[in-house]
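**Student:** Read off the chains here:
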Amino acid sequence: MKKLLKTLWQGFVGGADFTQLVTERFILEDKLLKITIPISNVVARQLPKEVNYPYRNRHWFNTKQKTHTHETYVHIYTRVWMYLPIIGIFPSSEYGMLSSVFRIKKTHDGINALDNQALGSWLNQEYDEYYNHPEPGDKARGSNTRIRQEMSKHTTLSDEVMAIQLEAAINNGGYPQIPDATTVQINGTEWVFHQLIKPHSRSRTDMYCLGLDEGHYLVVRFNHQVDRSDKHKKWRKAANQTQQRVMEMVSLTDYVADEPQSRLSNDTSSALQTSSGQETV
Amino acid sequence: MTWKNSGANKNALQPSSPHSLMGLDHQTALEHGLRLPVDFNYQKVEFSYQAFVMLQSLNDYDQQQVIKEIQFISLHPTAASSIKQSRNPFRHMRRSDIPFRNYHYFIDYKIAANGQVHVTDILFDQQLYGKKDRHTDERTMLYRVERIGSGAKYDGAKMEEEITELTTEWGGAKPTTQVKTAHAAINGMLNEFAKAQWLMGTHLDTAYQSDAIQAYTLFHNPSDKVVRDLIECAFDKSQSNASHNAQHLAAVLKQNQQLGKKVKWVAHSQGAIIFLSALRYYRVHYQGLLTSQELAIHGSGANVADLQQAAKLVGLKTHEPRNNPFDPVPNLAGKNDLSASSFARSIKFFPSIIFSSTGASPHTLPFLGVKTYYAQLSTLGSKVRAKEVKKYIQKAEQLMQEAQKKQKTL
Chain A
1 MKKLLKTLWQ
11 GFVGGADFTQ
21 LVTERFILED
31 KLLKITIPIS
41 NVVARQLPKE
51 VNYPYRNRHW
61 FNTKQKTHTH
71 ETYVHIYTRV
81 WMYLPIIGIF
91 PSSEYGMLSS
101 VFRIKKTHDG
111 INALDNQALG
121 SWLNQEYDEY
131 YNHPEPGDKA
141 RGSNTRIRQE
151 MSKHTTLSDE
161 VMAIQLEAAI
171 NNGGYPQIPD
181 ATTVQINGTE
191 WVFHQLIKPH
201 SRSRTDMYCL
211 GLDEGHYLVV
221 RFNHQVDRSD
231 KHKKWRKAAN
241 QTQQRVMEMV
251 SLTDYVADEP
261 QSRLSNDTSS
271 ALQTSSGQET
281 V
Chain B
1 MTWKNSGANK
11 NALQPSSPHS
21 LMGLDHQTAL
31 EHGLRLPVDF
41 NYQKVEFSYQ
51 AFVMLQSLND
61 YDQQQVIKEI
71 QFISLHPTAA
81 SSIKQSRNPF
91 RHMRRSDIPF
101 RNYHYFIDYK
111 IAANGQVHVT
121 DILFDQQLYG
131 KKDRHTDERT
141 MLYRVERIGS
151 GAKYDGAKME
161 EEITELTTEW
171 GGAKPTTQVK
181 TAHAAINGML
191 NEFAKAQWLM
201 GTHLDTAYQS
211 DAIQAYTLFH
221 NPSDKVVRDL
231 IECAFDKSQS
241 NASHNAQHLA
251 AVLKQNQQLG
261 KKVKWVAHSQ
271 GAIIFLSALR
281 YYRVHYQGLL
291 TSQELAIHGS
301 GANVADLQQA
311 AKLVGLKTHE
321 PRNNPFDPVP
331 NLAGKNDLSA
341 SSFARSIKFF
351 PSIIFSSTGA
361 SPHTLPFLGV
371 KTYYAQLSTL
381 GSKVRAKEVK
391 KYIQKAEQLM
401 QEAQKKQKTL
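If you read the protein sequences in the order shown, they are chains A and B.
For the record, in the first sequence the residue sitting at position 269 is 269 according to the numbering used here, with numbers rising by one throughout.
For the record, in the second sequence the residue sitting at position 203 is 203 according to the numbering used here, with numbers rising by one throughout.
Hints may contain errors.
[Claimed, not checked] Only some residues are given here: those of chain B computed to face chain A with a beta carbon under 7 angstroms:
| id | residue |
| --- | --- |
| 1 | 123 |
| 2 | 126 |
| 3 | 148 |
| 4 | 174 |
Think of the hints as simulated: they come from the structure by calculation, not from any bench.
The C-beta atom is built at its ideal place from N, Cα and C for all residues, glycine as well.
Excised from the complex, chain A in its bound form (with noise of 0.2 angstroms):
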């Protein structure tokens, strides 16, 4: 009854449940990255996952890297949580999804990745640098420029209504200018906090990252995707604290290579690790 009372008074079902927790261990060269994590509402493959992240091998690290657009990373592990309608009668009828990612990236020769302002400068160099590449290619490059290229056809348009297209092009169809990456302490951690986001749209990407040496750093990436923009607000704030509370239950510390093999396997607190519900491939 507490259950269904709390699920009308939030507007929807799903999302993050800090009452069925799991965590996770693992090892970053001398590092120990401990997740504890709500268990996720959707169902998923399950695969063994991977304890040792030897990032500083450059083989490696090559070999399990992967890019998407401007980020280039090594995947460590991933957990989603689904927000639906409390009576939904239609299909594609949710409200979205919250997703936290953690990732290894590198930084650019000269970038060290400890100096969490040159971190933060690197981030949304690495974004402009990206997107406003003099030679737009594949996989979204030199977005920016390309606009720019195709805009400048149009000779006969005033300069005031050029820059009025040409901003709106770039934040409609292109990769707009992002905030200056900012610090933010978390249990006495200083985090370098970084955001992709684009006006007119309520999906966004939060960052957090973290020096793991001066070449190498560890990124918690949330990102919120919003499938029903008119039905934001109900799970917004619910998607927010999730966020909020998941980073303060991350932590990196030293790794002890002795460490007993028992502590480095995962444990689930309150539940099992199962479906609740709604379920997804």
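Starting from the known structure of chain A, arrange chain B on it as the hints suggest.
**Tutor:** Same frame as chain A, now just chain B:
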């Protein structure tokens, strides 16, 4: 903003440049594929070459909408342009017309000393297309969508990481006047622009598995909230009606045919209803066959037999539909299987189309076959539904064996 008066035209435009002005008459317009209305004031309006080429490149539907606005400008050259999206609920209810006051093309023009209107440029109004804060402000438009991921495809049960990869596989959408890709898709109801991009890319990958699709054209059917989306479905289902989406799609099909383009389409859910309505509209308003195009039907909201028949009449090739036998949308809404067993199956699986998005839902993602669906449900731990699907497979196999036996005895 739909049009902009750039002031008096003081500069004489150089002939043979993109800005050269050209007057039109009824005959010349027709020769260049422009259907200008009978009362169009040819003396009052001149087009720059650039504007003329753009107008010529538009499909019939877009052209008529733009010409309507040019005609308005020619009658009221000093009228202020509105940048507002229409919020008139009655306009939204009328499904045969666009729900906005302004069309999404920007008309740049100048008024000459003799009072003539010189249309100097026509382009997409960059403020009006794409994703919007309110999804009801999104427009029915063609977008070129690129594959920006590393090739994620839907081929069975997925891990959480793979689910996120699937939803970010397609992007970089930009508006286009024509279908310039070999593949195109029309989405179903309640699909906002961002969702339609990845979902229809995934459907195309499944429909045309041997094609390495790197880009496709999305005919975006924007969502106008649940009630109006349903009204639109009902409107298009009626044989005598064609929504503005269907009229627009018919014009796109005609343009593809005229330009000799080979296009492989996917229509999903409400998209199939719009496609059927567009084919009916095409038969009444246009001529010629659509033999260079083909259609894959997924999770059809329309009756598949009707759609195949309408396609056959215009020479459009259709593929075997991908309708999940447990999906209530094709079974009941599309009236494809109104048997008691179909009704029972649909009722049992109804919660799974509304309580799941990218997965065990029999409707959202492409149907990969009933055996794969069974394997998928089993992998995902959905034992009750897996059991139902297994029962269905066994029954189908039994019926098939009996039919084979009968054939042998005959």
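**Student:** All hints, please: hold or fail.
**Tutor:** Status of each hint after checking the structure:
1. 123: holds (6 angstroms)
2. 126: holds (4 angstroms)
3. 148: Since the shortest Cβ distance to chain A is 5 angstroms, the answer is holds.
4. 174: Holds, about 5 angstroms.
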